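Asker: Single-letter residue listing:
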Amino acid sequence: MKRFIVPLILCAASVLLLIAAFPHWHSAARWGFVFNRGEAIERARQIAAQQGFAVDGSQVRVGSEINRELETYRRWHPDDARAQRISPVIVKIVFSSPVQRPFEVQLFPDGRVAGWQLGGSDPPPTRVAGRPPSTPLIHGRAKAQEAFQLLTAPDSQAFRLTTDGAASKEGLRYSWEPGMSEGGFQPTIDIAVRRGRVVHAETHASFIQSFDDEYQRQGRTTAPWKIGFFVLIFVMILGASVLYTLGGLRKKAPHRLALAFGLVNTLLAAAAFFSGPKIANIAIAELIDGNASSGILYGVYMSFVGAGSMAWVFFGGGLSAAGATLPKWWSLRLLFSRRLLSRPVGLSLCAGLLWAPVLMATQALVAMAFPRNIWSDKDAGELLVRFPTLPGLLEFPLHPTLLGFFGVAVAFALTRVPSLRWRGLLLLGMGAAFFSGYENRWDTLPAIALSGILTAAALTGIYRSFDLLAMLVAETARNVVITAAVLLSQPSHSLHALGWRGILLLGTALAAGWVLIHRGADPVNEEEAATRPLAEGIQAKRDELKSEFNIAQRAQRQMLPDSAPPVPGFTIAAHCTPARDVGGDLYDFLPLPAGRLGIAVADVSGKGVPAALYMTLTKGLLAATSQEDLELSTMLEHVNAHLYTVGRRKTFVTMALAILDPAAKTLEYARAGHNPIVWRKALDGSTTLVASRGMGLGITGGKVFVRTLTVETLLLEPGDFVVFYSDGLTEAMNENLEQFGDDRLLESVASLGSGLGSMSASQARDAILGDVTRFLAGTHPQDDLTLVVLKFD
Amino acid sequence: MANPFAITRSNEEGLSILALDGYLDAHTAPQFEKAVEAEFNAGRLKIIVECSHLTYISSAGLGVFMSFVEEIREAGGDIKICGLTPKVLQVFDILGFPVLFDIVEDLPAAIRKYAETPVKEI
Chain A
1 MKRFIVPLIL
11 CAASVLLLIA
21 AFPHWHSAAR
31 WGFVFNRGEA
41 IERARQIAAQ
51 QGFAVDGSQV
61 RVGSEINREL
71 ETYRRWHPDD
81 ARAQRISPVI
91 VKIVFSSPVQ
101 RPFEVQLFPD
111 GRVAGWQLGG
121 SDPPPTRVAG
131 RPPSTPLIHG
141 RAKAQEAFQL
151 LTAPDSQAFR
161 LTTDGAASKE
171 GLRYSWEPGM
181 SEGGFQPTID
191 IAVRRGRVVH
201 AETHASFIQS
211 FDDEYQRQGR
221 TTAPWKIGFF
231 VLIFVMILGA
241 SVLYTLGGLR
251 KKAPHRLALA
261 FGLVNTLLAA
271 AAFFSGPKIA
281 NIAIAELIDG
291 NASSGILYGV
301 YMSFVGAGSM
311 AWVFFGGGLS
321 AAGATLPKWW
331 SLRLLFSRRL
341 LSRPVGLSLC
351 AGLLWAPVLM
361 ATQALVAMAF
371 PRNIWSDKDA
381 GELLVRFPTL
391 PGLLEFPLHP
401 TLLGFFGVAV
411 AFALTRVPSL
421 RWRGLLLLGM
431 GAAFFSGYEN
441 RWDTLPAIAL
451 SGILTAAALT
461 GIYRSFDLLA
471 MLVAETARNV
481 VITAAVLLSQ
491 PSHSLHALGW
501 RGILLLGTAL
511 AAGWVLIHRG
521 ADPVNEEEAA
531 TRPLAEGIQA
541 KRDELKSEFN
551 IAQRAQRQML
561 PDSAPPVPGF
571 TIAAHCTPAR
581 DVGGDLYDFL
591 PLPAGRLGIA
601 VADVSGKGVP
611 AALYMTLTKG
621 LLAATSQEDL
631 ELSTMLEHVN
641 AHLYTVGRRK
651 TFVTMALAIL
661 DPAAKTLEYA
671 RAGHNPIVWR
681 KALDGSTTLV
691 ASRGMGLGIT
701 GGKVFVRTLT
711 VETLLLEPGD
721 FVVFYSDGLT
731 EAMNENLEQF
741 GDDRLLESVA
751 SLGSGLGSMS
761 ASQARDAILG
771 DVTRFLAGTH
781 PQDDLTLVVL
791 KFD
Chain B
794 MANPFAITRS
804 NEEGLSILAL
814 DGYLDAHTAP
824 QFEKAVEAEF
834 NAGRLKIIVE
844 CSHLTYISSA
854 GLGVFMSFVE
864 EIREAGGDIK
874 ICGLTPKVLQ
884 VFDILGFPVL
894 FDIVEDLPAA
904 IRKYAETPVK
914 EI
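As given, the protein sequences belong to chains A and B, one line each in that order. Residue numbering for the first sequence follows the working numbering, starting at 1 and increasing by one per position. Residue numbering for the second sequence follows the working numbering, starting at 794 and increasing by one per position.
You may find that some hints are simply not true.
Said to hold, decoys possible - Here are the simulated distance ranges between beta carbons: (1) A:Leu689 - B:Ile915: 24 to 34 Å; (2) B:Pro823 - A:Arg68: 37 to 47 Å; (3) A:Ser563 - B:Ile915: 35 to 45 Å; (4) B:Ser803 - A:Ala767: 25 to 35 Å; (5) B:Ile915 - A:Leu630: 18 to 28 Å; (6) A:Asn734 - B:Pro823: 20 to 30 Å; (7) B:Ala868 - A:Ala767: 46 to 56 Å; (8) B:Ala831 - A:Pro591: 48 to 58 Å; (9) B:Gly869 - A:Gly702: 20 to 30 Å; (10) A:Gly608 - B:Ala831: 18 to 28 Å; (11) A:Ala767 - B:Ala831: 46 to 56 Å; (12) A:Thr634 - B:Ile915: 19 to 29 Å; (13) A:Gly569 - B:Ala831: 51 to 61 Å; (14) A:Ala664 - B:Ala831: 49 to 59 Å.
Don't read these hints as lab results, they were simulated from the structure. Fair warning: this is a prediction, and the values are worked out from it, not measured in the lab. We put the beta carbon where it would ideally sit given N, CA and C, even for glycine.
Using the sequences plus the hints, can you model the full thing?
Answerer: In structure tokens, the structure reads:
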């Protein structure tokens, strides 16, 4: 577990740093929420009842809004007591039903009422004709005064009435203002009364013109960055789409994996939408305008179609670019191949969870280095959703930045850019650009760049030392940690409980990862993972294949000649034992013009069916070349050329080819990478290996092959033996893992004796095989074993 | 019984070193093939295969060497082989591999060989 030492130490240090620094650093920690979602709804119901609006049986949505300008003003003028009394965060509780007009209540986080509003429009005035004219002006003022007191207590005396019962579309309008503060801020209370009820009450913030201008200017400075970022994202989406399409054309696109990733994102987005976070705020805005269905449709579109398809395109493109072979994406693949409970997943989970606080602490350090230039980093809306950790979980998979960087840029750089320097530059550049975009609330250039580079470096580090899944977990868990920290730093006890729930979620995940590391399955390779579920279903198929194998085996045996054609003065005996059902060894006899005979022993690389197919091909090629009157070297050259083209350098054949000329009593011999033949000379009783030069067939193109091939001519004497064999003979291995070897073979051949009274070819063959069998002592040969003996009688 | 086989990869002076250990036969050759393919895909084209702990190589194992070498050479890299034990060297030798590959004594010699002839001329 050495890999976890550094993350553990950094994690502990980061947690301590965050506990000490978080409330000072993070503006969301200072919002001071005294209620949770349920308590906010309860408070809103009370206000609705007080103001005479029926909301029973309505559907409720809770969202929030941050007034960024007010937030900035408060940061720039910490001494303006009036501005500090008004929170930039407003919680909105919206009641809607098909039969009533929507009603919205606005609360400050400290529990004070910020306003309320009756949405939609009046029903058509069908039965208004006989009713008395609208409520008297004086009664309207009393109602408005009451609402004004509610909104401004205990500071009501600072305000003075500026608009008194002006007619408007909403009803009679009343406004109160306290006058500009020293810094240039003033709150305005706007109230509208219609038919005896306050239909609109609002606390509105306005600023001195010079501050407005300065704020706008600041806002504009980040604009080119954002535009650049969106252009980059657009290019990436386009590029990913092209890569994915190309992958599809080459039939290399991993459709299932990409689709699965898109689907997971869609489900998360859907869950977050129905729990009511940021996206639901858009729906709220639409609801207030009385157009509920279009708002919900937009939210559904963003969640389902937007999130899912973006993830799908990015990861599909990245996987295609990488040829779906990046090892760092391995544990993510396990997730989708029903191997969720495996050790690599546990490792990634733990690593990601330990790194999450470190990522957050990195940002805290940057934030503390640039205290004036940071925006708050989390919307208050997330404090008020039913499941506060869910938006944190959601943030990563939805964000095109990380999808783009890790889905496309990393895959592309690692697989398509060979130069280390260019790869590093590409990743650094892309990383800074993407993560600057991701952190686009950081106000000024140094903070943006520093945060971007540090985040990208940290995530790339996690990616390198662990894998993609670990990085996904780290980024997602970081968001959960932030949400939990924000919740825990609020005054409300009920929010603390939710915060601890988030910590508990992370703790449970960490424990689960730890259990997986120790107990999880350890998948050996992907093929195994893919085939295991099918194991039961393939028995029938296996039986069928077995019978087809038997047919193939018989066919292959029949390809080997039973006996050699008679050659005057010579006898030849052959033997072949295939190690598996079908083998790659071959021997053949080729009748040639002028009474000559070709003798070939060959061995195809590899085993099983592919080797058998090449063996058949080699036999065919040999037969074809023996039809013409060719030199030995030319025959091999032809066979080599064909095998080189067909085998595509994945398969090669070694061959010992000899041409026996009984009239001249010569044996022309060439060795194409094959084991050297053994020559037992009757004349001097010597036994030697004849190892002339030559490369295996199908390894290299014509020129090199021809250049290295040498043909030797053996002058045979009566009583001579020549033994051809395959490496299955010399490499035959006994129980003690000893090989039969060249020396034993030479010994065996030497003991055949020589001279006219010695053994026949078939006796010699049986004697050698007998030696091998005794050596093996019951062990079955692991490779094809071929032996051909030529005897000059 | 599956014979033990392992690959350790490392870097030295920009060269990718794959150290083979154990039995390279038809069962373990795919593992070696994946390792070489990974180097190739990652653009690490100057490969040294260190064989001092390679106890056995079958034809399937030899096939891996030849299946990649042309592609790698076309891309400007090479595969150099070092540390062969006499028994394994004999197998390479029989097949004619010394014509096709730079086969040298040990790792330092392989690194020097890269300095002298980055791509073997055949």
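Asker: None of the hints should be skipped; say for each whether it holds.
Answerer: Hints, verified against the model:
1. For A:Leu689 paired with B:Ile915, a C-beta distance near 26 Å keeps the hint of 24 to 34 Å intact.
2. The hinted range of 37 to 47 Å is not satisfied by B:Pro823 and A:Arg68, whose Cβ atoms lie roughly 58 Å apart.
3. At about 41 Å, the beta-carbon gap between A:Ser563 and B:Ile915 stays in the expected band of 35 to 45 Å.
4. For the hinted restraint 25 to 35 Å between B:Ser803 and A:Ala767, the CB-CB distance of approximately 50 Å leaves it violated.
5. Distance hint for B:Ile915 and A:Leu630: a CB-CB separation of about 25 Å, consistent with the stated range 18 to 28 Å.
6. The hinted range of 20 to 30 Å is satisfied by A:Asn734 and B:Pro823, whose Cβ atoms lie roughly 27 Å apart.
7. Against the hinted window of 46 to 56 Å, the Cβ-Cβ separation of B:Ala868 and A:Ala767 comes to about 52 Å, which satisfies the hint.
8. Between B:Ala831 and A:Pro591 the Cβ separation comes to about 50 Å, which falls inside the hinted range of 48 to 58 Å.
9. Checked against the hint of 20 to 30 Å, the pair B:Gly869 and A:Gly702 passes, with Cβ atoms roughly 24 Å apart.
10. At about 25 Å, the beta-carbon gap between A:Gly608 and B:Ala831 stays in the expected band of 18 to 28 Å.
11. At about 49 Å, the beta-carbon gap between A:Ala767 and B:Ala831 stays in the expected band of 46 to 56 Å.
12. A beta carbon spacing of about 21 Å between A:Thr634 and B:Ile915 agrees with the range 19 to 29 Å that was offered as a hint.
13. For the pair A:Gly569 and B:Ala831, the supplied restraint of 51 to 61 Å holds, since their beta-carbon distance comes to about 58 Å.
14. Distance hint check for A:Ala664 and B:Ala831: the Cβ-Cβ separation is about 55 Å, which falls inside the suggested range of 49 to 59 Å.
When each numbered hint is compared with the structure, violations occur for hints 2, 4.
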